[in-house]
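S.K.: Sequence:
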Amino acid sequence: MSTTSEQVDEVQKVAAAPATDIEHGESKLTSTNVDKALDFLNMEEQPEPLSPEAQKALVRKIDWMLIPLLGGVYLLNYLDKVLLNFAGVMNIRQDANITTEQFGKLALVFYVAFLFCEPPHGWLMQKLPTGKYLGAMVTLWDVAVIVTCAVSNFPGLVATRVLLGMFESAMAPALILITSMWYTRQEQPFRSGLWYCGAGVGGIIGALTSFGFQHYSGQHFKSWQIMFLVIGLITIAYGIVIYLLLPDSPMASRLSTEEKYHAIERVRENQTGIENTTFKRYQCLETLRDPQNWLFALMFSAIQISAGAISSFQAIIISGLRFDSKESSLL
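Residues in the sequence shown are numbered consecutively from 11, following my numbering.
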C-alpha cells in the first residue's frame, strides 16, 4: 500500500473511532498526528449527554461568544479597506499630487498583496493560535491605516496599501476557520452570513464617517487624514480586544470542561478536525483535485471583481455625476 493510502486509512480510522473506550472509560488513541480536540476528549471523562434544550443553550452561548467579535472584525476590515474610496472625494488626490490613473493603481496593489499573502496566512494559522493571530493582524493592518495619514506622495500610498492588503488577507481565512471549529456544517452558512453582514454595516458607517469628517477643518490635519487616524486608532483598540477575548479553539475557550467536551463532540460529524499543527500533503493535493473547490474559486472571483470595483471607486464615480463630495459619500 502506498504512503498516501496508509495516511488516508489512518485518518479514517481516527475519525471513526470513539473518543473513549466505553467499557473501561480509558483513552485508546495516541498519535502525534491526531487532532488536538481528540486528545482533549481522550483525557476527559465523558459527561452525560445534553438534552435538546441544553444543546440549544450551548449553541446560543457559543453564538454570543463568537459572532459579535467576528462581525466586528469584518465590519472594521471592510471599513478600513474603503477609506481610500471616500478619501478620493476628500482631496487626497490633490494633497498627495496623484492622478486618477495612479489612484486606480492603489486599488490594484492592495488586491495583489491580498492575493499573494492569503496562502501564507493559512499555513501560519495552522501553526499558531488562531484567535491571537487574528488579533495581531487586525492591529497590524491598522498601523498601516494610521501611517496613511502621514503620507503625502504616491510611493508612500502604494506602500501603505500593500501593507494593508498583506495584513487584511488573514481575516477571511481566520473567520472561516474559526466558524468551522465551532459549528456543524448545517450551522455554518447562517453564522457565516451573520458575520458577513459586517461588510454592509461597514460600508454604511464608512459613508457616514466620511460625511462627518468633511465638516472638520483644522490647521494640522486634512479631513481625510484625521479620518484615517481616528478609524485606525479605533480598530487597533478592537484588535487588542480580539487578541484578549477571541478563543483560539473550543479547548482554549472560557467554557466549562463539560461544555468544551460537548462543543467538540457536536462538530465531530463535520470530519474536518478542529486543531492540528501537522501539515498533510495528501490533504492539500485532494483540495487541488476537487472540482468543487475550483468552482467555488471561480464564483468567488466573479463576485469580488465587481465588489472590489465598487468598494474602490464608488464615491469617485458618483462625484463624476456632478454631486459634491458630501453627497458622493452619502450616496
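Treat the hints with care, since some could be wrong.
Simulated crosslink set (BS3-like; lysine-lysine; CA at most 25 Å straight-line) [as the list claims (entries may be wrong)]:
id, residue 1, residue 2
1, K142, K290
2, K66, K232
3, K290, K137
4, K71, K142
5, K232, K115
Derived CB-CB ranges, DEER-like [claimed, not checked]:
id, residue 1, residue 2, range
6, R264, C207, 35 to 43 Å
7, R332, H225, 49 to 57 Å
8, L340, C207, 17 to 25 Å
None of these hints come from the bench; they were simulated from the model.
Glycine included, C-beta positions come from ideal geometry on N, C-alpha and C.
S.K.: Sort out which numbered hints this structure fails and list those numbers smallest first.
M.R.: Violated hints (numbers, rising): 2, 6, 7; every other hint is consistent with the structure.
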